Amino acid sequence: MKIGLFIPCYIDAFYPNAGVATLELLEKLGQDVEYPMEQTCCGQPMANSGCNRDAASAEALFVKLFAKYDAIVMPSGSCTHHVRDNFDAIPQTDEVRHVRENTFELVEFLHDVLKVDNFPWAEFPHKVGLHNSCGTLRALRTASMSELGEPFFSKPMDLLSKVKGISFAHPKRPDECCGFGGTFSVTEEAVSAKMGVDKVTDHHNAGAEYIVSADTSCMMHQQGCAERAGVPIRFIHIAEILNGARE
Amino acid sequence: MKVKPVNHAKAAEEFIDDVAHESFHDERLWDLRQKRDEQMHILPEWQELRTRASQIKEHTLANLPEYLEQFEANAKKNGIHVHWAADGAEHNRIVGEILEKHGAKSLIKSKSMVTEECQMREYLEPRGVTVTETDLGERIQQLDNQMPSHIVVPAVHKLIPDVAKIFAEHYHTDPNDNSAQSLAWQQRLAARPVILSADAGMTGGNFVVAETGSFVVCTNEGNADLSATVPGLHIATIGIERLVPRMADMGVFIRLLSRSALGSPITQYTTHFRGPQKGSEMHVVLVDNGRSHRLGMQDFWTSLKCIRCGACMNTCPVYRRSGGLSYGAVYSGPIGAIIDPTFNERKYSTLPFASTMNGSCTNVCPVKINIHEQLYKWRRVLAEHHELPFVKREIMHMAGKLMGQPKLYRAAINGTEVALSTMPRFVLYNWLNPWGKHRELPHPVKTTFNSWYKKNRLNKQKEGEKA
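Sequence order for the protein chains is A and B. Sequential numbering from 1 applies to the first sequence in full-length UniProt numbering. Sequential numbering from 1 applies to the second sequence in full-length UniProt numbering.
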């Protein structure tokens with residue numbers, strides 16, 4: 001299986017470590033991974049703002065670069081959600097359909113496709129609070145949702161539980177949105193920031209040393225909120241822990 | 001003159017700045033959401049009920065004219081006068097005429113969002129009719145000259161001292177009264193004489209049953225029953241989407257309504273009105289006011305399934321922080337954000353953006369309205385109709401172009417040594433300025449992932465090939 005690696009713009013520019021960890025992890029698991037150098041963006045920011053037509057060139061480029069791979073993997077739930085569920089600014093050719101059907105968020109790829117059941121190199125002796133982005137939680141359904149009353153399951157927690165020394169903090173509002181919401185974080189900055197502060201405070205009060213997530217955009221926002229409000233908590237992408245980061 | 005779009009962001013910011021109100025509002029509504037969850041866990045058939053409710057509503061809406069006619073015929077048989085109002089103005093005129101015919105000068109009314117939609121009070125009061133809200137929360141809002149901020153708990157954004165102040169002003173009570181119980185008692189003392197002497201009573205209708213020509217009103221204070229039965233004239237104002245076909249369907253909706261709204265198994269009062277009392281008159285005004293237009297909107301017609309429980313508002317993290325009044329509309333919260341633009345696309349063009357589209361609203365909706373997906377679709381519609389601010393539209397247009405051109409994009413990111421300083425330009429242009437008002441910016445890094453990959457994978461590969 002030939003994997004195309006997509007690294008979203010936020011990770012590329014601000015959190016390259018999360019990208020490196022994703023790549024190294026897939027390589028450790030014996031995967032044949034390539035990163036097409038010309039990649040830019042999946043089109044989500046434009047589409048979410050209502051400017052769907054403006055997403056067309058990004059989507060076309062995405063398909064051009066990734067259609068040749070058996071699977072496209074990305075360390076981002078919301079980008080995966082865009083490609084899978086809303087990627088329709090361009091005509092839906094066979095190539096586009098192939099890309100949409102074979103794009104995976106990293107956690108679901110590890111959990112559902114590769115079915116990884118141990119990470120012998122990983123040890124993280126810390127208490128972590130898991131943040132599921134709304135994209136991974138409610139759109140990709142990588143975990144159970146409290147509103148539906150369904151039996152508990154959590155793919156990211158399944159994976160993290162295989163890491164030595166890790167323990168979990170349980171916030172009071174486990175699947176409440178952190179308030180990032182793409183351009184919402186800027187156009188509705190006051191509400192967004194308040195939601196972010198509430199979210200990190202909830203994790204901190206539950207005893208979390210770290211917030212771990214499969215979505216860097218949520219964490220960028222939460223980190224900004226925590227630093228401004230003086231909430232002492234650290235942030236780490238799930239790929240980094242699974243790849244063996246100690247802190 | 002063009003109407004200005006509601007500035008939700010600004011109103012929300014003001015609400016948040018008032019820490020005591022904001023945190024109470026958030027906690028209070030989250031509490032309702034948790035109570036709702038508890039009720040859901042008690043009923044193993046919860047999801048089945050939601051599916052059934054959604055199906056009944058979709059079926060009814062798909063056959064709405066037939067069911068409306070069936071209701072009209074049966075209601076008339078029961079002795080109810082049935083009226084049809086195409087819009088708010090017609091509704092107000094009809095109500096005004098009924099009151100005039102009876103020489104009615106005082107109207108007591110229990111909760112009805114439709115009359116808010118029609119601005120009925122503003123129509124009747126200059127014509128010499130006093131209108132008194134009998135629901136405690138609605139009354140508080142009426143005295144304070146504000147719209148309801150929530151469909152079910154209209155004054156939820158107020159603290160006890162706020163109410164004490166309002167009552168002191170209007171009822172001459174103690175402005176420092178800090179007891180909810182005693183304030184409620186003051187309202188009772190003030191309202192009872194008005195209720196007992198009213199010329200006419202008005203209610204809404206939560207459900208209208210076609211098969212029986214009857215309608216159902218659900219309240220917790222019993223005020224609707226007083227409004228409906230004390231005066232000899234009962235007018236019920238009801239939106240045409242409130243129909244269900246059969247009495248047997250009511251079991252599904254009654255079980256869902258209060259559990260979704262407040263987390264209580266049922267409302268304190270669930271009253272079936274089937275016809276006038278002896279010597280009284282009963283009128284039902286069926287109001288369209290844009291509903292049939294909405295029914296024709298392919299992506300948005302299912303919003304008419306709404307049974308007005310407010311669960312989407314209680315769960316909405318944005319609503320909880322911004323307060324209902326920030327939406328500047330009769331209907332606030334997630335459901336408001338998808339309904340309001342059908343009343344006035346420009347005025348409410350900002351509301352579908354007052355959401356992170358996290359999807360919690362869709363999950364709690366008892367009739368399974370895909371609220372967050374409709375928010376997403378509204379954004380497209382509004383962008384196509386040029387209801388986006390110019391700057392935002394242009395930024396997205398430029399960003400879209402840039403994202404299609406790898407070399408320009410790469411130049412934008414790698415343009416300087418530190419990615420941070422150029423990042424805002426290509427994603428959000430100068431939009432990250434507001435980001436920093438309440439948050440720290442992301443930390444600069446030494447290298448982008450792209451450069452790292454080039455150095456650590458591509459170049460090493462080439463070295464390998466050379467060797």
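Heads up, some of the hints might be wrong.
[As the list claims (entries may be wrong)] When the alpha-carbon atoms are kept at most 27 Å apart in a straight line, the in silico BS3-like pairs for lysine-lysine are as follows:
#1 Lys2(A) / Lys455(B)
#2 Lys28(A) / Lys454(B)
#3 Lys407(B) / Lys368(B)
[As the list claims (entries may be wrong)] Covered, in the sense of this in silico footprint (three residues per stretch, anywhere, with C-beta under 8 Å from a C-beta of chain B), are these stretches of chain A:
#4 39-46
#5 102-112
#6 144-152
Honestly, the hints are just simulated from the structure, not real lab data. Predicted model, so just to flag it, every value in this text is computed and none were measured. Beta carbons: idealized from backbone N, C-alpha and C, even for Gly.
**OP:** Any hints from earlier that this structure breaks? Give me their numbers in increasing order, please.
**Re:** Violated: hints 3 and 5.
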